[in-house]
Every structure is written in C-alpha cells, then in structure tokens.
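**Q** Spelled out from the first residue to the last, the chains are:
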Amino acid sequence: MDVRLVDTVATSGSSPLHRASPRTKAAAAALVIASAAVTTNLFVCTGVALAVVAAAVLSRIPLRPYLSLAGYPAVFAALFAWASAPDALSGALIVSKAVTAALAVVLLLFTTPYPQVFASLQRTLPGLVGDALFMTYRAIFVLGEKLDDLIVAARLRSGAGRHPIRSARATVRALGNLVLYAFDLAQREYDILALRGYSGRLAVPVRRSAAPAVDALALAAGTAALAAALAWRVAWRDLLPYSWMPLAAAAALLVAALVVRFARSGGTRHA
Amino acid sequence: MHDHRHPYDHVHLDEPDAEAVVHISCARHTYEGGASVHLCGLDFVAHRGRRVAILGPNGAGKTTMLYHVLGLLRPSEGIVTVFGVPPAERWLEIRHRIGVVLQNVDEQLLMPTVFDDVAFGPRQHGLSESDVRDRVSRALQELAIEHLADRVPHNLSGGEKRKVALAGALAMDPELLVLDEPFEGLDPESRAHVLALLERLSKEHGVTIVLTTHDIDAVPEFADYAYVLAPGGTIAVRGTPEEVFANASALRASNIRPPILAELFERLRGEAPDAPEPVLTVEDAARALERWRRTASRGA
Numbered sequence: 000m001d002v003r004l005v006d007t008v009a010t011s012g013s014s015p016l017h018r019a020s021p022r023t024k025a026a027a028a029a030l031v032i033a034s035a036a037v038t039t040n041l042f043v044c045t046g047v048a049l050a051v052v053a054a055a056v057l058s059r060i061p062l063r064p065y066l067s068l069a070g071y072p073a074v075f076a077a078l079f080a081w082a083s084a085p086d087a088l089s090g091a092l093i094v095s096k097a098v099t100a101a102l103a104v105v106l107l108l109f110t111t112p113y114p115q116v117f118a119s120l121q122r123t124l125p126g127l128v129g130d131a132l133f134m135t136y137r138a139i140f141v142l143g144e145k146l147d148d149l150i151v152a153a154r155l156r157s158g159a160g161r162h163p164i165r166s167a168r169a170t171v172r173a174l175g176n177l178v179l180y181a182f183d184l185a186q187r188e189y190d191i192l193a194l195r196g197y198s199g200r201l202a203v204p205v206r207r208s209a210a211p212a213v214d215a216l217a218l219a220a221g222t223a224a225l226a227a228a229l230a231w232r233v234a235w236r237d238l239l240p241y242s243w244m245p246l247a248a249a250a251a252l253l254v255a256a257l258v259v260r261f262a263r264s265g266g267t268r269h270a
Numbered sequence: 000m001h002d003h004r005h006p007y008d009h010v011h012l013d014e015p016d017a018e019a020v021v022h023i024s025c026a027r028h029t030y031e032g033g034a035s036v037h038l039c040g041l042d043f044v045a046h047r048g049r050r051v052a053i054l055g056p057n058g059a060g061k062t063t064m065l066y067h068v069l070g071l072l073r074p075s076e077g078i079v080t081v082f083g084v085p086p087a088e089r090w091l092e093i094r095h096r097i098g099v100v101l102q103n104v105d106e107q108l109l110m111p112t113v114f115d116d117v118a119f120g121p122r123q124h125g126l127s128e129s130d131v132r133d134r135v136s137r138a139l140q141e142l143a144i145e146h147l148a149d150r151v152p153h154n155l156s157g158g159e160k161r162k163v164a165l166a167g168a169l170a171m172d173p174e175l176l177v178l179d180e181p182f183e184g185l186d187p188e189s190r191a192h193v194l195a196l197l198e199r200l201s202k203e204h205g206v207t208i209v210l211t212t213h214d215i216d217a218v219p220e221f222a223d224y225a226y227v228l229a230p231g232g233t234i235a236v237r238g239t240p241e242e243v244f245a246n247a248s249a250l251r252a253s254n255i256r257p258p259i260l261a262e263l264f265e266r267l268r269g270e271a272p273d274a275p276e277p278v279l280t281v282e283d284a285a286r287a288l289e290r291w292r293r294t295a296s297r298g299a
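Quick mapping for you: the protein sequence lines, in order, are chains A and B. If you read the first sequence in numbering that gives the first Met the number 0, its first letter stands for residue 0, the second for the next number, and so on. If you read the second sequence in numbering that gives the first Met the number 0, its first letter stands for residue 0, the second for the next number, and so on.
One chain only, chain A, in its complex shape (with noise of 0.2 Å):
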C-alpha cells in the first residue's frame, strides 16, 4: 500500500475519469456497489467487476497496484465464503461481490483526490463521520507504511530471516507496536488537525467537472449496472439463460480497452 502512488495518480492523471466531477464518481461507484450488493448471479457480478477493470485501463492507472489494492477484500470474503457458503458457486458470488466493490472503490480513489472523494461524502454524511473517514483513510496508509518499517525492524533484530516461526512472532510483536502507534498517531494527527485550523468540518472546495460527457456515461454504466442486476434477481428464471451476455459484453469492453491502452502507449513510445 503505497500512498504516494495513489496520491500521485489521483492528482495528477489527466484521463476523462479525472476529469470527471468526483460526486458523480462517488455517485457511480455507489450504483456499482450497490449492483454488487443486490446481484444474486456470478456472471453479472463479474461482468460488472470486468467492466470497471476496463474504465480503469482506459483511465491510465497502473494496474498492478490498482489489482492487489481491490484484490485485498478477496481474501476476507474468501474465508468468509469457506466457513458460509453452502457451495463453491455461492462462495464464488461472495467473493466476486465484495471485489467487485472494491475495484469500484480503488477506481474512485486513484481517479480523484482524496479529499474530493471526502467532500462529496460530506454532503450525505454527517460532518464528524465524513471527517473521521477523511482521517482513517490517511491512518491506513500511514500505519501500512510504519508496520512494513516494523516489520524489517523487529525482524533484524530477532534474527528471524525466512525462519517461518519466528518471523511470525516478530510480525506479531510489529502488529503489537502498530496498535501503540496508532493511538499516539491519532492523537498527533488530531493535534495537527486543531493547529491548523479544524474546528469540527473539514472545509474542502469541490472540483467541478471538466469532462461532462464522462459525467453522463459514468452514470449511465453505473445504473446500466445496477438495472442488470436487479433484472437477473427479479426475473432469473427468464433471464438465466442469458447470463453470459452481460459478461461476455464486458469482457470485450476489457478487451477494447487493453488495445486503446496498449496501442497509445506503443504509439507514445514510438513517438
């Protein structure tokens, strides 16, 4: 988890997805999470999570980072799905929901600067909860940061190298250290926060659209998905034999944009 990486994307990509209003991207990737959350089928869900896979090529983001990021719940839903699922298709669809949420997510945060993510929140939310959420976003990549130097620290001085066991208990006692931390960080960074002015709302501008075009679409995939998702619960029985249709328009969208992305580089490099 770099921050860096994400803030230097966020601010200074210059793809439409940037461009774009960050409340209708918020808004977007609410309508894709919630698609994620009212699907019932494996192959919409997936077509949906190919879909945003693509609106991340086409926006320039580096996509090894971009995966493992969203990648991250994958791990959680999957031994949520192990201990709960009655079958492999039920702990797939577990699984692929909550990824496909988190790529929603992930897009939204390396196309926008995070504290426009945190100012259209604030409309929705209450002041302190919008704030708070501002605040954590910052701690978790702080605190992923400081518990990597952990890491290497208490493992250089235990000796533990590869040695599975110890290199356990030395991450183990990082973790311990991050938790001390973490209080101590939060009190700093309230301090700082007070010093510098904050008195209850985060006071951020918000950034108008410079791509109003990338507006519509944005909504418009965001409720195309979300619809698709409602029509295979409601009518499923209809629908069923028509799966692979939302998937398979997905997975060619994916592959348009790999070539759009791959033939512009090429063409950059040749240039």
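Honestly, I wouldn't trust all of these hints.
[Claimed, not checked] Negatives, chain A to chain B, calculated, CB over 12 Å:
| no. | residue |
| --- | --- |
| 1 | Pro64 |
| 2 | Ile150 |
| 3 | Ala202 |
[To be verified] What follows is a set of in silico ranges between Cβ atoms, one per label pair, in the way DEER data are often shown:
| no. | chain 1 | residue 1 | chain 2 | residue 2 | range |
| --- | --- | --- | --- | --- | --- |
| 4 | A | Arg187 | B | Ala247 | 35 to 43 Å |
| 5 | A | Gln186 | B | His95 | 21 to 29 Å |
| 6 | A | Phe75 | B | Ala252 | 51 to 59 Å |
| 7 | A | Thr39 | B | Gln102 | 53 to 61 Å |
| 8 | B | Gly32 | A | Ala250 | 37 to 45 Å |
| 9 | A | Ser67 | B | Tyr30 | 36 to 44 Å |
| 10 | A | Ala247 | B | Glu145 | 50 to 58 Å |
| 11 | B | Glu145 | A | Ala131 | 32 to 40 Å |
| 12 | A | Ala152 | B | Glu242 | 42 to 50 Å |
| 13 | B | Asn254 | A | Ala152 | 25 to 33 Å |
| 14 | A | Tyr189 | B | Arg27 | 22 to 30 Å |
| 15 | B | Tyr30 | A | Gly143 | 52 to 60 Å |
In case anyone wonders, no lab produced these hints; they're calculated from the structure. All C-beta atoms in this analysis are idealised placements derived from N, C-alpha and C, irrespective of residue type, glycine included.
With chain A fixed as given, assemble chain B onto it according to the hints.
**A** Chain B only, in chain A's frame:
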C-alpha cells in the same frame, strides 16, 4: 479576569512597553510515564516582533515548552499565556494569529497537492477562495517554491516538505510563528533563505518567532534572544546570543557546544592573550581578525 502577568522578568530589556506575546512562568507538565518537565528558573518571554531561540539538550523540554505555547498541553501548575490568554483554555480565540511548523512535517502535510496543503489553514478559517489563492501564491513565492504547487507533498525531499509546512504557516499571516527545528533537512542555500525570510517577517511585519533548534551556528544569525534549558526543563540562561554563548559553564551544564566561531576565538585567546574577543558571525569574525592582523603587523 485573572492577571497572568508575573511581577518580574516580563519587561523587555530595551523596550519596557513591548508586548509580551508569549509568557511562561514555572509551568509544569507531568507525562503519563511519570516524567515531569518543570519550565522554571527564569521566566520565558517572547516580545512582539522578536526572534527567540530555545536551546537545550535532548529531552530537556523544548518541545514540551512549544506544546504549552500551542495549547496542546495544559500546565498542572504555573502560568502560560499567549497574547494574554492561557492557550490550553482559549486556543480557538488565538489560533488564527499563530503559525506552526512541528518537527515531524510528514504528519503535518495532509492534502494531496502542495497548493491544497498550503491552502488548508485559510480554507478551514472560512476565507474566500480568491483570498485563499492570493495567500497561497504569496506564501509559495516567499519560500521560492511556486514550482512545487502541483506536486504531491509526500514525494518531496525532507527540506522541501519543511518549506511547504512553513508556507502553510505563513499563509495564515500569523503574528506568532512557532517553529520546532525549522532548519532540519535544509541545504545551506535553503537555510540561508529561510533565515533571511524569518528576519524579514520579524523586522518588516512585526512577527514574533519562537523556535527550537540544535543548529547552534544559526542562533547568532537568527535570534534576538536565546533561552537555554537545562535537563528537567529548568530555564537556565537567557539573553542575547552573545550573552548566552559567553556563559560557558551554563552551556556545559546543558550539554550545548558553543558556536564554532566562539570556540575558535576562545582557543585563540588561550594561545594569544591579545587575540580578539569572541564574536559569533562570520562578518564580525573577519573584521576582528583583520584588525588583529593589522595591530600585530604594526607591532612587528
């Protein structure tokens, strides 16, 4: 209202009417672990428009003192006032008059671009967007970092981050600047630039500056007054840099090595009794040595 003025030691040595912007008298803070810092001995006073340096060994209580000034700590005994009010109780009234740069600037930079980070304070205080833009441009210009405006703060060097944090403090047009180790990580050119900026702020705009530093050689260039803390927080020495660095025994007690020029002149006087009195700036040293050379050549 309770009068926080101390009966003595709060009068400016040269200007008896000068306003005491910061005043600390025998303030004590006890940390959870039981360690106690008692900022006692002499009173600490920073008058309007003056640059005051706080020196002391690690753990003496320099940062604790700054945290008291910033209202982050409440003294369990003694007096701390900033602009005449106790900051821990009435911080909201005075915070728009104070700019701060803490030691760990990484934690102080909150926003994804330098521009937004410098604009953070003015925006929180509800200024209009055009006013915010003016202030940010001015602050970036003052520190010669306009070219960093669109950069991500976390990708900058340590010195650049410190300048961004300082720009964030300047964007508030503060009357009091509180700086914890502001020269750390700055290259010599940036350090000279920041020193000149601080001097301009204090002389032209009447900004009071309180800073802690381990950069002893910067103190004669920077400070009008210096305070030396001994271990435990005792405020052991106060005066102009010349007065403070002439007090060798107190400096030794606080584990502070005098500036390199002061040491050089002490050494010279040890070997040649007619050597010049210690001076603390390069210009003064050059003049003193030139005079000494001429006197010596006339004698020969």
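**Q** Check each numbered hint against the structure and report the violated ones by number, ascending.
**A** When the structure is compared with the hints, numbers 3, 8 and 15 turn out to be violated.
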